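Put the two chains together into one complex, using the hints given.
Here are the chains, one letter per residue:
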Amino acid sequence: MDIPYTEEVRPDTGLTNGKIAIWLFLASEVMLFGALFASYILIRTGAESWPRGDTMLDVPLATFNTIVLITSSITMVMAWASLMRGRFGTFRIYMAATILLGFVFLTVKYFEYSHHLSLGEFPSTNNFLAVYYTMTGLHMLHVLGGMAVNAYFWGPGAKLWKTNPVWFTNRVEHSGLFWHFVDLVWIFLFPTLYLL
Amino acid sequence: MTSDHAAASMTSDHAADIDRHVRVYIIVFVALMVLTVVTVAVSYLDLSVPMAVTVALFIATVKGSLVACYFMHLISEKKLIHAVLLLTAAFFVALVLLPVLTVSDGFGIDG
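Heads up: the sequence lines are chains A and B, in that order.
So for the first sequence, our numbering puts the first residue at 1; every next one is plus one.
So for the second sequence, our numbering puts the first residue at 1; every next one is plus one.
These are calculated hints, taken from the structure and not from any lab test.
Owing to the predicted nature of the structure, the values given are computational and were not obtained by experimental measurement.
Honestly, I wouldn't trust all of these hints.
As the list claims (entries may be wrong) - Subject to a maximum C-alpha distance of 25 Å in a straight line, what follows is the list of computed DMTMM-like cross-link-like pairs (lysine to aspartate or glutamate): (1) A:K109 to A:E121; (2) B:K78 to B:D19; (3) A:K159 to A:D2; (4) B:K79 to A:E121; (5) B:K78 to A:E121; (6) B:K78 to A:D58; (7) B:K79 to B:D17; (8) B:K79 to A:E8; (9) B:K78 to A:E8; (10) A:K109 to A:D58; (11) A:K162 to A:D2; (12) A:K109 to A:D54; (13) A:K162 to B:D17; (14) B:K78 to A:D12; (15) A:K162 to A:D12; (16) A:K159 to A:E8; (17) B:K79 to A:D12; (18) A:K159 to A:D58; (19) B:K78 to B:D17; (20) A:K162 to B:D46; (21) B:K79 to A:E29; (22) A:K109 to A:E29; (23) A:K162 to A:E7.
One chain only, chain B, in its complex shape (with noise of 0.2 Å):
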């Protein structure tokens, strides 16, 4: 549910919506406690660097998704908002990614 159907939904049609909603609301808070102690639990694990940092990232992603999708209700955002995201999301990529491409780059060095 969005600000965009707000006008429309403070009437007592939409209550059972809203209810659905708090009920999904619940279910990710329960997946995003859940993944947190699994989180810490992994870091114990005696796993190598890149494994590690692998299995960190992945669970962190799918936390920030569950956020993203539906505390912040992207997954019934509309186009737009997706496509800014999407430009964003190319961008951010580009900053992560071409420091790091710079300081493996060998062209040019002697050797």
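Isolated chain A (complex conformation) (with noise of 0.2 Å):
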């Protein structure tokens, strides 16, 4: 049986099931990350003294990273553009370049770990380490599994290009909300872990 209302609008929503299914989705991702927000606010109020980010952490790096990941965000909505014009070549090409990001933003990253790890920081340390390994571990991995699915995408998933065009589109319409949000907690994380 195949999926309903994939290409078409449910005519009692005015939105396609999987447009839906990907919000509530991110819904449930807020909550996921409001819960470790939340918790990082009540361990930083509570405490006696708490260190500012960029005593403890690089921010060179971390801008970097920032540019790498804002840059991701318009070269995934470039390669659902590119589909909206029906050029499919173009849309390869953003999308790997969105992928590449994403491979940059975790190698920095992992030169970033690979630093703190060196110097004997592990999340065991004080709360400061804990709340920052686990809110960028967490994001980390959400950095990993948009790249799965855009890659994906890329390869063998395009092959739906030829026989739906139009679903083909909006999967990866819905693949590129979850990219954004992933730059949009990192554009909280930055200046709360790393600035303040």
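Listed below in structure tokens is the structure:
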């Protein structure tokens, strides 16, 4: 049985099923990260002293990663816009750039983590590092998940373009919504962890 | 432009529409880059902690809104999505505020 309302919108909601599904999923993600942000506020306001992020973490490296992730957001939306224009070749280039930028983000994060670990700074060392590793670690998993889905649409999943371009375009848009959400979370993580 | 318009948008009639959207994406991208630089620059100012937190969160909210409104197409999204997000926002505020209020609550504590 085919999944209903993948191309045409449901008359009652005015939306495709995939669109509603991804937004409901993102709503649950807001609550997931919200719980962590709430814990962070609670731990920080309850602490007798708390280090400024820039005394513990590498701000230039995180600024670079912020630029990388924002750039990946525009390449993602351009990948979708390319499909809307019917340009599959351009879609592939933009999608590859998005995946590559995700890889750059993770590579920078790897060096950041390695540096801290080499200094003996573990999640168990203090509450600041526990919060830092937990929040950036969960965010990194999301980057990894987004990259996996995008890689699927760049590769084997792209076969759908030949048989059902509208559905494929919708799927890429939904994948993009997740990717932009990951960018959005980082936009809040960056100042709250690294700068304040 | 949302996916719900996708079925109707594969025609050349909408090519100009997409071009217009792409121009908006580029403007938003430049704004996000500028705001990132501003975020870092402000952190070097000698602001008090409450002021630094307020400014940093204000800029982050502006950046987040730009991403949500334009890259995630919320500005042209259907009411149902807005309703879902409104409900999410209400629960999010409760989630963040309740623990903080619990800590600051002195009710029942002697002295």
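Cross-check of the supplied hints:
Restraint check for K109 of chain A and E121 of chain A: satisfied, since their Cα atoms lie roughly 15 Å apart, inside the 25 Å limit. For the hint pairing K78 of chain B with D19 of chain B, the CA-to-CA distance comes to about 22 Å; that is within 25 Å, so the pair holds. Between K159 of chain A and D2 of chain A the CA atoms are separated by roughly 17 Å; this keeps the pair inside 25 Å, and the hint holds. Of the supplied pair hints, the one linking K79 of chain B and E121 of chain A is violated, its CA atoms being roughly 47 Å apart against a limit of 25 Å.
Straight-line distance between C-alpha atoms of K78 of chain B and E121 of chain A comes to about 47 Å, which puts the hinted pair past the 25 Å bound. A threshold of 25 Å between alpha carbons decides the hint, and for K78 of chain B with D58 of chain A the separation of about 41 Å lies outside it, so the pair is violated. Restraint check for K79 of chain B and D17 of chain B: the C-alpha separation of about 22 Å stays at or below 25 Å, so the hint holds. With a C-alpha separation of about 17 Å, the suggested pair K79 of chain B and E8 of chain A falls inside the 25 Å cut-off, and the hint holds.
A C-alpha spacing of about 15 Å is found between K78 of chain B and E8 of chain A, which places the hinted pair at or below 25 Å, so the restraint holds. At roughly 11 Å between alpha-carbon atoms, K109 of chain A and D58 of chain A fall within 25 Å of each other, so this suggested pair holds. Distance check on the hinted pair: K162 of chain A and D2 of chain A sit about 18 Å apart at the alpha-carbon level, within 25 Å; holds. Proximity of K109 of chain A to D54 of chain A is assessed by CA-CA distance (about 16 Å); at most 25 Å being required, the pair is judged to hold.
Under the criterion of a C-alpha separation no larger than 25 Å, the hint pairing K162 of chain A with D17 of chain B is consistent with the structure, at around 24 Å. For the proposed pair K78 of chain B and D12 of chain A, the alpha carbon gap of about 12 Å is at most 25 Å, so the pair holds. Only pairs whose Cα atoms come within 25 Å are accepted, and K162 of chain A paired with D12 of chain A is rejected, the gap being roughly 29 Å. The suggested pairing of K159 of chain A with E8 of chain A holds, with an alpha-carbon distance near 20 Å, which does not exceed 25 Å.
With a C-alpha separation of about 12 Å, the suggested pairing of K79 of chain B with D12 of chain A holds against the 25 Å cut-off. Taken as a hint, the K159 of chain A and D58 of chain A pair is broken in the structure, with Cα atoms around 42 Å apart against an allowance of 25 Å. Distance hint between K78 of chain B and D17 of chain B is fulfilled; the C-alpha atoms sit about 19 Å from each other, no more than 25 Å. For the hint linking K162 of chain A to D46 of chain B, the alpha-carbon distance of about 57 Å lies beyond 25 Å, and the restraint is violated.
Only pairs whose Cα atoms come within 25 Å are accepted, and K79 of chain B paired with E29 of chain A is accepted, the gap being roughly 20 Å. Of the pairs offered as hints, the one joining K109 of chain A and E29 of chain A holds, with about 22 Å between alpha carbons and a cut-off of 25 Å not exceeded. Of the pairs offered as hints, the one joining K162 of chain A and E7 of chain A holds, with about 15 Å between alpha carbons and a cut-off of 25 Å not exceeded.
Comparing the model with each numbered hint stated earlier shows that hints 4, 5, 6, 15, 18 and 20 do not hold.
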